[in-house]
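K.L.:
Residue-level listing of the chains:
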Amino acid sequence: MSWRYRFTLLIFLSLFILVLTRLFYWQVVRASELAVLGKDQYGRQMTLTATRGEIKTSDGFEIAANKLSYLVFTNPKEIKDKKQQAEQMSPLLEMDEASLSALFTLDRFWVPLKRGVENKVKDKIEPLKLPGIGFEDQTVRFYPEASLAAKLLGFVGKDENGEDKGYFGLEGYYDRQLRGKAGLAMVIHDASGRPILSKMSDDFGKIDGRDLILHVDRTIQFMLDSELKKGIEEYGAAGGMAAVMNPKTGGILALSSFPTYDPRHYQEYTDTLYKNPFITDTYEPGSTFKPIIMSSALDAGLVRPDTQCTSCDGPVSIGGYEIQTWNGKYNPNSTMIDVIQHSDNTGMVFVGRLLGLDRMISYFQKFGIGEMTGIDLQGEVVANMRPKEDWYPIDLATASFGQGITITPIELLTAFSAIANDGHRMEPHVVQSIQTPDGQKREISPKVLGSPISSKTAKVMTEMLVNAVDNGEAKWAKPKGYRIAGKTGTAQIPVAGHYDANKTIASFIGFAPADDPKFLMLVVIDRPSTSIYGAETAAPVFFRVAKKILTYYGIPPSE
Amino acid sequence: MKRPVFLIIVILLIIVALAVVRVGFENSISTTGIELVNLQSQIKTYKKQNALLKEQYLETSSLTNLSSKAKKLGYVESKSQLYLSIPLPLALKQ
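If you read the protein sequences in the order shown, they are chains R and V. Going by the working numbering, the first sequence opens with residue 1, and the numbers climb by one from there. Going by the working numbering, the second sequence opens with residue 1, and the numbers climb by one from there.
There could be a bad hint or two in this list.
What the hints assert, rightly or not - The calculated lysine-lysine pairs, modelled on DSS-like cross-linking and capped at a C-alpha distance of 30 Å, are:
1. V/K79 / V/K48
2. R/K230 / V/K44
3. V/K69 / R/K122
4. R/K77 / V/K79
5. R/K158 / V/K69
6. R/K181 / V/K71
7. V/K79 / R/K158
8. V/K54 / R/K441
9. R/K456 / R/K475
10. V/K71 / R/K114
11. R/K548 / V/K44
12. V/K47 / R/K230
13. R/K480 / V/K44
14. R/K459 / R/K329
15. R/K39 / V/K54
16. R/K120 / V/K79
Source of the hints: derived by calculation from the structure; they are not laboratory data.
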């Protein structure tokens with residue numbers, strides 16, 4: 001009795017353990033695999049691509065939006081007359097017949113034919129009711145203003161996984177904010193493939209990208225783009241760039257650069273055109289740098305506007321080099337006002353010597369020279385300042401008039417904002433706020449990077465710059481009745497250890513109205529051929545844009 | 001003896017009533033899947049129309065387009081402005 005009982009119990013126990021082991025195998029070891037198989041039987045999982053956030057100018061216009069497009073695909077097994085179908089589709093898809101025929105002969109159920117097909121093309125193909133042809137909805141980036149502000153915006157290309165990715169400019173810098181997060185949707189269907197109401201989940205986990213609202217004013221951007229382009233053509237220049245900033249907030253109102261590209265067809269352009277030279281290229285600023293040195297000396301109390309230059313009666317010799325004025329004319333006993341007005345190199349050497357190396361380097365740091373400005377665009381570079389021990393007397397002298405020192409245009413614009421903004425240097429920013437898909441806005445507050453000079457110094461320097469515009473070389477181009485503070489610049493280009501005498505970078509930097517600046521602008525013309533001087537090339541472009549901006553803002557002449 | 005029979009009849013009636021309600025309810029929602037598909041298709045159509053109209057609006061109202069159309073129509077840029085008021089100076093001469 002007892003052994004039979006025990007034997008039966010053992011059999012049952014063994015069977016129980018066997019069942020338990022098998023259950024463990026199915027429900028634990030292969031659980032995830034079986035779950036996927038199960039899901040496949042009653043539904044299908046699909047990836048929902050997040051809609052990329054839009055980029056809007058300050059007037060709410062979508063300067064980078066999303067456009068509906070289609071992926072045309074085929075199931076070659078359903079096509080009977082492959083040659084005839086290739087003939088029909090070739091002109092519509094703008095693909096050659098041979099390529100289409102080759103795709104139609106592939107032994108597959110799904111073959112993509114062309115991406116980014118526009119709706120009007122789809123409307124022409126659909127009525128033909130061609131067998132084995134289908135369309136899949138897609139969105140592509142759309143830039144309604146074409147190449148306007150292209151280098152500011154960047155473009156959307158593909159990453160290594162074939163997913164959309166922003167490159168350069170705002171598209172690159174804010175890619176993570178713009179791209180959002182893809183979601184997974186489980187669509188559960190009945191035997192005939194219809195979705196079941198209670199078991200359908202929609203955009204589970206999908207988070208659309210955030211919108212960017214810019215400081216950029218579309219009208220100012222348009223004016224800057226057209227005037228800069230016109231100027232480059234008029235002066236036979238190799239290129240040019242310009243930016244307009246609100247000196248009180250650091251908000252970038254417009255930024256242009258030529259030659260440029262169309263972000264809608266970025267593949268058709270050379271890679272070198274993608275970068276934005278205003279933040280990626282360094283240059284020797286020349287005379288536009290003089291106000292930085294002069295305001296440093298004024299702030300340090302070393303000179304006053306009426307201080308007379310004691311070494312301006314002829315060329316200055318330093319370490320075997322001779323420093324001359326740009327026009328060979330010398331003005332003995334020039335005041336500091338005259339030095340800025342005549343853009344006198346020898347006068348600036350006088351100021352530089354008074355300032356001395358330690359103070360000059362200290363003011364460079366305060367003005368942010370040799371540091372990233374922190375602008376929210378991809379690719380900003382900075383030329384590092386050489387160590388103090390590597391400075392020779394000639395370097396101090398040339399740096400005083402903006403040669404032998406390299407900076408980016410954005411660095412100069414940011415440094416200049418201190419003069420236009422009561423001594424406070426602002427961080428340049430393109431994006432004003434970020435908006436989430438549910439409408440919440442996160443404002444980006446203006447940031448003061450430092451106060452290199454006092455408010456009093458800024459006002460004195462402003463008056464000296466107003467005088468330079470009213471009585472300097474570029475006075476002929478100035479719009480009448482407005483008080484504009486500014487400075488011309490004609491920088492020589494270093495080539496193989498010496499400066500090229502015929503090739504210059506002409507520039508003009510300034511702000512208006514001088515008493516309550518609404519904008520600060522830097523115009524840089526690269527190697528103009530009609531004239532090498534900033535006063536004859538960059539200045540007219542600056543004043544034409546300034547006049548338009550003042551009119552656009554409704555600011556009447558004050559004089 | 002009577003009570004259990006009555007109880008059984010009541011329970012049976014409830015079961016039948018609930019079954020009828022369920023059949024009726026399920027019958028009424030059986031076509032909802034199709035309606036849902038139709039609604040989704042309508043949403044898709046409207047979304048598509050909205051996207052196409054937005055695209056047209058953006059292209060038409062872009063400054064690049066407006067500027068070239070204005071040029072074609074013969075509009076020219078105004079070179080001078082007339083200001084109706086000039087701000088007074090901070091201090092007036094006696």
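K.L.:
Find the hints from earlier in the document that the structure breaks and name them by number, from lowest to highest.
P.N.:
1, 2, 4, 5, 6, 7, 10, 11, 12, 13, 15 and 16
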